[in-house]
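So the protein sequences, as listed, match chains A and B. Under our numbering, the first residue of the first sequence carries the number 5, and numbering increases by one thereafter. Under our numbering, the first residue of the second sequence carries the number 5, and numbering increases by one thereafter.
Hints in this document: simulated from the structure, not taken from any laboratory. Take the hints with a grain of salt, since some may be wrong.
Listed below are the simulated EDC-like cross-link pairs for lysine to aspartate or glutamate, each with C-alpha atoms no more than 20 Å apart in a straight line [unchecked claim]:
hint	chain 1	residue 1	chain 2	residue 2
1	B	158	A	21
2	B	134	B	118
3	A	153	B	22
4	B	158	A	111
5	A	153	B	119
6	B	158	A	22
7	B	153	A	21
8	A	153	B	8
Listed next, with one range per pair, are the computed distances between beta-carbon atoms [claimed, not checked]:
hint	chain 1	residue 1	chain 2	residue 2	range
9	B	132	A	120	30 to 38 Å
10	A	118	B	128	37 to 45 Å
11	B	18	A	120	35 to 43 Å
12	A	128	B	113	15 to 23 Å
13	A	154	B	153	28 to 36 Å
14	B	113	A	131	17 to 25 Å
15	B	18	A	128	28 to 36 Å
16	B	128	A	14	44 to 52 Å
For glycine and all other residues, C-beta sits at the position ideal for the given N, C-alpha and C.
There are 2 protein chains.
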Amino acid sequence: MDGDRNTLMRQVIALAEENVRSGGGPFAALVVRNGTVIARGANRVTATNDPTAHAEVSAIREACRMLGTFQLTGCDIYTSCEPCPMCLGAIYWGRPAHVFYASTRDDAAAAGFDDSLIYRELDLAPERRKIPMTQVLRDEAARVFQAWKDTTSKTPY
Amino acid sequence: MDGDRNTLMRQVIALAEENVRSGGGPFAALVVRNGTVIARGANRVTATNDPTAHAEVSAIREACRMLGTFQLTGCDIYTSCEPCPMCLGAIYWGRPAHVFYASTRDDAAAAGFDDSLIYRELDLAPERRKIPMTQVLRDEAARVFQAWKDTTSKTPY
Chain A
5 MDGDRNTLMR QVIALAEENV RSGGGPFAAL VVRNGTVIAR GANRVTATND PTAHAEVSAI
65 REACRMLGTF QLTGCDIYTS CEPCPMCLGA IYWGRPAHVF YASTRDDAAA AGFDDSLIYR
125 ELDLAPERRK IPMTQVLRDE AARVFQAWKD TTSKTPY
Chain B
5 MDGDRNTLMR QVIALAEENV RSGGGPFAAL VVRNGTVIAR GANRVTATND PTAHAEVSAI
65 REACRMLGTF QLTGCDIYTS CEPCPMCLGA IYWGRPAHVF YASTRDDAAA AGFDDSLIYR
125 ELDLAPERRK IPMTQVLRDE AARVFQAWKD TTSKTPY
């Protein structure tokens with residue numbers, strides 16, 4: 005089992021190295037089901053002008069497209085680095101069975117990818133954050149959730 | 005100024021309602037620059053089998069594509085609901101100037117979209133989370149960040 009894990013993680017590490025060589029960031033990820041790689045992702049933020057194009061987000065999107073579902077039930081994610089808060093959010097929405105990672109958030113920070121600010125900001129009330137977040141028209145927006153509650157054909161998730 | 009904010013937020017609320025009617029989730033977002041809407045997003049998770057297709061992530065991706073940049077400097081985000089941790093992560097990576105939101109996370113939870121688990125999990129060490137997260141091959145992965153440090157042509161962000 006450890007052998008399988010190591011083999012898969014070595015694929016991720018090789019993919020991340022290759023991504024650096026091709027102008028991407030130093031991150032890669034795989035989605036694996038029943039021992040088979042079903043999707044790959046690598047950081048293409050600057051290459052594609054997409055701040056959400058992290059390795060894990062990209063691999064999750066690709067895996068769901070492959071599987072025709074919005075849930076990664078029974079899948080494992082292998083990522084070259086501990087996921088950032090955005091990718092952790094994507095992981096919890098996708099609900100894979102297990103995540104394997106190699107480098108830590110501190111290793112990433114030492115390489116210039118520091119997400120500690122994001123962890124800290126998420127724990128603050130919106131109005132206390134460095135990017136100001138201001139509430140407007142809460143009462144008027146209530147009708148959106150009411151419309152959702154009144155919809156009978158919806159897919160809950 | 006409040007008038008402008010309210011006008012823009014009413015557009016977001018209308019977009020979210022329209023999205024519910026067309027089979028999407030009850031969430032929408034806009035990216036605005038100098039008072040002009042440059043991108044729209046709505047929750048299409050179940051409609052497109054993409055767990056990352058939240059309104060804010062979609063609007064951010066679209067805005068960056070429009071602007072040809074991976075940073076939303078000087079842009080505001082208007083969203084029908086307080087962003088979830090994934091979308092907050094995307095917001096911090098995209099770095100807009102200001103976020104305006106209408107419904108709160110509690111309003112969302114009452115409608116069946118509860119992200120409190122994700123906030124709690126993010127504060128735990130990886131090995132203590134409900135989705136198990138296991139570290140493997142940290143030493144071998146160090147060469148990826150070394151390759152990044154050795155790259156002279158990279159775009160830092």
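Here is what the structure says about each hint:
{"no.": "1", "hint": "B:158 / A:21", "verdict": "13 Å, holds"}
{"no.": "2", "hint": "B:134 / B:118", "verdict": "16 Å, holds"}
{"no.": "3", "hint": "A:153 / B:22", "verdict": "14 Å, holds"}
{"no.": "4", "hint": "B:158 / A:111", "verdict": "18 Å, holds"}
{"no.": "5", "hint": "A:153 / B:119", "verdict": "18 Å, holds"}
{"no.": "6", "hint": "B:158 / A:22", "verdict": "14 Å, holds"}
{"no.": "7", "hint": "B:153 / A:21", "verdict": "12 Å, holds"}
{"no.": "8", "hint": "A:153 / B:8", "verdict": "29 Å, violated"}
{"no.": "9", "hint": "B:132 / A:120: 30 to 38 Å", "verdict": "18 Å, violated"}
{"no.": "10", "hint": "A:118 / B:128: 37 to 45 Å", "verdict": "20 Å, violated"}
{"no.": "11", "hint": "B:18 / A:120: 35 to 43 Å", "verdict": "38 Å, holds"}
{"no.": "12", "hint": "A:128 / B:113: 15 to 23 Å", "verdict": "19 Å, holds"}
{"no.": "13", "hint": "A:154 / B:153: 28 to 36 Å", "verdict": "55 Å, violated"}
{"no.": "14", "hint": "B:113 / A:131: 17 to 25 Å", "verdict": "19 Å, holds"}
{"no.": "15", "hint": "B:18 / A:128: 28 to 36 Å", "verdict": "30 Å, holds"}
{"no.": "16", "hint": "B:128 / A:14: 44 to 52 Å", "verdict": "28 Å, violated"}
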